[in-house]
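Here are the chains, one letter per residue:
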Amino acid sequence: MLLEIEKLSVQFKTESGNLLALRDVSFSLEAGEILGVVGESGSGKSVSNLALMGLLPDIAVINTKKVLFQNHPLDLNSQKQLSQLRGKSIAMIFQDPMTALNPSLTVGYQMLETLQTHLGLSKKAAKMKAISLLERVGILSAEQRLKVYPFELSGGMAQRVMIAMSISCNPKLLIADEPTTALDVTIQKQILDLLIDLQREKKMSMIFVSHDLALVKKYSQRIQVMYAGEIIETGPTDQVIKNPHHPYTFGLLKARPSAHAGKTKEHLYAIPGTVPSLRARPSGCQFHPRCNRSTEVCKKTNPSVSSLQPSPLQTSFSCHHPLESL
Amino acid sequence: MNLLSVKNLNKSYVTKKLMGKNEERKVLSNVQFELGENKILGIVGESGCGKSTLAKVLTRLEDFQSGEITLCGQNLREIPQKNLTHLVQMVFQDPYQSLNPRKMAWEIIADPIMVVEKTPRPQAKIQALAMMAKVGLLPELSERYPHQFSGGQRQRIGIARALMLKPKILILDEPVSALDVSIQAQVLNLLLDLQKEFGLSMIFISHDLSVVKHISDETLVLYFGEVVEHGPSENVFKNPQHAYTKTLLESAP
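Residue numbers (the working numbering), protein chains in the order written: chain C, 734 to 1059; chain D, 77 to 329.
Hints listed in this document are in silico derivations from the structure and should not be mistaken for laboratory results.
Virtual Cβ for every residue (Gly too), placed ideally from N, Cα, C.
Mixed in with the good hints, there may be bad ones.
Over the 12 Å line for every Cβ pair with chain C, so calculated as not near, a few chain D residues [what the hints assert, rightly or not]:
{"#": "1", "residue": "Asn84"}
{"#": "2", "residue": "Val90"}
{"#": "3", "residue": "Leu241"}
Pairs of lysine-lysine residues, derived as DSSO-like cross-links and limited to a Cα-Cα distance of at most 30 Å, are as follows [stated by the list, open to error]:
{"#": "4", "chain 1": "D", "residue 1": "Lys115", "chain 2": "C", "residue 2": "Lys975"}
{"#": "5", "chain 1": "C", "residue 1": "Lys799", "chain 2": "C", "residue 2": "Lys987"}
{"#": "6", "chain 1": "C", "residue 1": "Lys880", "chain 2": "C", "residue 2": "Lys950"}
{"#": "7", "chain 1": "C", "residue 1": "Lys998", "chain 2": "D", "residue 2": "Lys322"}
{"#": "8", "chain 1": "C", "residue 1": "Lys987", "chain 2": "D", "residue 2": "Lys322"}
{"#": "9", "chain 1": "D", "residue 1": "Lys92", "chain 2": "C", "residue 2": "Lys880"}
{"#": "10", "chain 1": "D", "residue 1": "Lys272", "chain 2": "C", "residue 2": "Lys998"}
{"#": "11", "chain 1": "D", "residue 1": "Lys210", "chain 2": "C", "residue 2": "Lys987"}
{"#": "12", "chain 1": "D", "residue 1": "Lys115", "chain 2": "C", "residue 2": "Lys987"}
{"#": "13", "chain 1": "D", "residue 1": "Lys179", "chain 2": "C", "residue 2": "Lys922"}
{"#": "14", "chain 1": "C", "residue 1": "Lys987", "chain 2": "C", "residue 2": "Lys935"}
{"#": "15", "chain 1": "C", "residue 1": "Lys935", "chain 2": "C", "residue 2": "Lys860"}
{"#": "16", "chain 1": "D", "residue 1": "Lys179", "chain 2": "D", "residue 2": "Lys92"}
{"#": "17", "chain 1": "D", "residue 1": "Lys194", "chain 2": "D", "residue 2": "Lys272"}
{"#": "18", "chain 1": "D", "residue 1": "Lys92", "chain 2": "C", "residue 2": "Lys998"}
{"#": "19", "chain 1": "C", "residue 1": "Lys996", "chain 2": "D", "residue 2": "Lys92"}
Some, not all, of what chain C presents toward chain D, calculated at C-beta under 7 Å [as the list claims (entries may be wrong)]:
{"#": "20", "residue": "Ala793"}
{"#": "21", "residue": "Asn796"}
{"#": "22", "residue": "Val800"}
{"#": "23", "residue": "Lys922"}
{"#": "24", "residue": "Ala947"}
{"#": "25", "residue": "Leu986"}
{"#": "26", "residue": "Arg989"}
{"#": "27", "residue": "Ala992"}
{"#": "28", "residue": "Thr1007"}
Given the sequences, and given the hints that come with them, work out the whole structure.
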């Protein structure tokens, strides 16, 4: 087991009170596994990753029961512990490569900085390594590319640079947070194929965050669906996709039109309403105001999240009225 | 008769140089298509292929170099601005940037009729409220400002505004790409309903193949400013002819 998280909660302290962004999130990750995290904006899918990277703002209050990384306990409130892992054992690729790279420094400068800090390489050795990394992610004439500034790169190219930087220290865990949302479909496929290649080659574990269930379905082994800061369904990808139990997962799957199947100009299955604001959380099950299966019990009690067994082989979900197995 | 016909449309952007020759970059070359009544035409392509430029040319926000655009039997260049606003309206991609943050929702929606038809404020408000109901916004929300709405609601405001002048053609430039899937489905359903109710024709621009396939009768694929494929959506997606369309389809998840 590479990573084990038990009951991670995150609150944001604001003037109008504490806002609960993540509630009792537990999951685990095997070495070499790809975990897909799906959810809409505001579902908390980025918060858990930022907590793991120690990148949450100061107003965040993090509570955990247990966190194990490579079988060592990890304190998510200790910047000292996290900064040793960040960039080295745990690396992250962000959504928008153009804002994640520093616009005023050359690509080379930014790459060498990471290599020299974490691996203690000399400048010359770091440069050689940077060139080979850029070549590995499919950038031609790598040596010249070291001298350019981020604005001179296309979006896809910039994301390749980000990937090269993130794998430079051979991380054990790579967090890809919406890595291709800003890119065109053809480029998206190239980038994801590259990521999967690297993941296999380096035997990394990966957390792949996306709002697009279709992508996650294609690239992950296990899936975790989040809603309003909770994991509502999790299990092996094909089981969850073929046989969703939670009405929200079902809705997400149905709402997305497909380029390969389906008729034109038919009404899509739409989930009514929107994700609740952290300031106005509903009582009971967080999804009940938008759910067509909700009853009295849903309004009163939250289906116990503890029934979620983080077992890698089985689907689990938190719902009072789950969809029957097919 | 076709509502809109575009023939041999060419458009390039010229960068003026202080010294030497001006640089000319071709954005649209020999674009041709027609749009019938009650039809939805989907336009797909990647960033930089000229989709948005085409939308701007059709709404006369930008001029073009050569070609012929006929709108309801009239030459696009000769239609008086006031009449043009009754024929074509546009919905923009980013619902966060395309609404004036200092105006209330109903004012944004009523603006077209207050400006073009000089409708007095009280009547304009009544009409705006009626339109809000049609696009699924509660009238209680009419006095809120854009920042108080979610992305999907804002896009509904944009759609309501575009419909106020009862245009024949609605041009939608990536109307759902900033929205979450569940909200995207709501807005797509709304567009299909409105099309029936108002007898609209639409040009639906998107980089997302699945969305275009879902909503449009015909699909046109743009690649570096050229139309590489055009036909009924079912055919284009089932049996793509051009290599680029095939690549696009294979890349779609």
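Against the structure, the hints come out as follows:
No beta-carbon of chain C is positioned within 12 Å of the beta-carbon of asparagine 84 of chain D; the least distance is around 27 Å. Every beta carbon of chain C lies more than 12 Å from that of valine 90 of chain D, the smallest distance being close to 23 Å; the non-interface claim holds. Its beta-carbon lying about 25 Å from the closest one in chain C, leucine 241 of chain D satisfies the requirement of being farther than 12 Å from that chain. Under the criterion of a C-alpha separation no larger than 30 Å, the hint pairing lysine 115 of chain D with lysine 975 of chain C is inconsistent with the structure, at around 35 Å.
A threshold of 30 Å between alpha carbons decides the hint, and for lysine 799 of chain C with lysine 987 of chain C the separation of about 36 Å lies outside it, so the pair is violated. Between lysine 880 of chain C and lysine 950 of chain C, the direct Cα distance comes to roughly 38 Å. Violation of the 30 Å bound is thereby established for this hinted pair. A distance of roughly 22 Å separates the Cα atoms of lysine 998 of chain C and lysine 322 of chain D; the hinted pair therefore holds under the 30 Å criterion. At roughly 25 Å between alpha-carbon atoms, lysine 987 of chain C and lysine 322 of chain D fall within 30 Å of each other, so this suggested pair holds.
Distance check on the hinted pair: lysine 92 of chain D and lysine 880 of chain C sit about 29 Å apart at the alpha-carbon level, within 30 Å; holds. As the CA atoms of lysine 272 of chain D and lysine 998 of chain C are separated by approximately 11 Å, the hinted pair is consistent with the 30 Å bound. At roughly 25 Å between alpha-carbon atoms, lysine 210 of chain D and lysine 987 of chain C fall within 30 Å of each other, so this suggested pair holds. Note on lysine 115 of chain D and lysine 987 of chain C: the hinted pairing holds, with a Cα-Cα distance of about 25 Å set against a maximum of 30 Å.
Restraint check for lysine 179 of chain D and lysine 922 of chain C: not satisfied, since their Cα atoms lie roughly 41 Å apart, outside the 30 Å limit. A distance of roughly 35 Å separates the Cα atoms of lysine 987 of chain C and lysine 935 of chain C; the hinted pair therefore is violated under the 30 Å criterion. This hinted pair checks out: lysine 935 of chain C and lysine 860 of chain C have alpha carbons roughly 21 Å apart, not beyond 30 Å. In summary, the hint linking lysine 179 of chain D to lysine 92 of chain D is not supported, as the alpha carbons are separated by about 38 Å, beyond the 30 Å threshold.
A distance of roughly 28 Å separates the Cα atoms of lysine 194 of chain D and lysine 272 of chain D; the hinted pair therefore holds under the 30 Å criterion. Proposed proximity of lysine 92 of chain D and lysine 998 of chain C is contradicted: the alpha carbons are some 45 Å apart, above 30 Å. For a cut-off of 30 Å, the pair hint linking lysine 996 of chain C to lysine 92 of chain D is broken: about 48 Å separates their Cα positions. Taking 7 Å as the C-beta contact cut-off toward chain D, the hint placing alanine 793 of chain C at the interface is violated, the least distance being around 23 Å.
A cut of 7 Å between beta carbons decides the hint on asparagine 796 of chain C: the least distance to chain D is about 28 Å, and the hint is violated. Hint status for valine 800 of chain C relative to chain D: violated, with the closest Cβ pair at about 29 Å, above 7 Å. With 7 Å as the threshold, the beta carbon of lysine 922 of chain C comes within range of chain D, its nearest partner Cβ sitting at about 4 Å, so the hint holds. Using the Cβ-Cβ criterion of 7 Å, the hint placing alanine 947 of chain C at the interface with chain D is satisfied: the shortest such distance is roughly 4 Å.
Interface hint status for leucine 986 of chain C: violated, as the beta-carbon distance to the closest one in chain D is roughly 9 Å, over 7 Å. Satisfaction of the interface hint for arginine 989 of chain C is found here, the shortest Cβ-Cβ separation to chain D being roughly 5 Å, below the 7 Å cut-off. Here the hint on alanine 992 of chain C is kept, as its CB sits about 4 Å from the closest CB of chain D, short of 7 Å. Annotation: threonine 1007 of chain C was flagged as interfacial toward chain D, and the flag holds, the nearest CB pair being 5 Å apart, inside 7 Å.
Figure legend: structure checked against the earlier numbered hints; hints not met, in rising order: 4, 5, 6, 13, 14, 16, 18, 19, 20, 21, 22 and 25.
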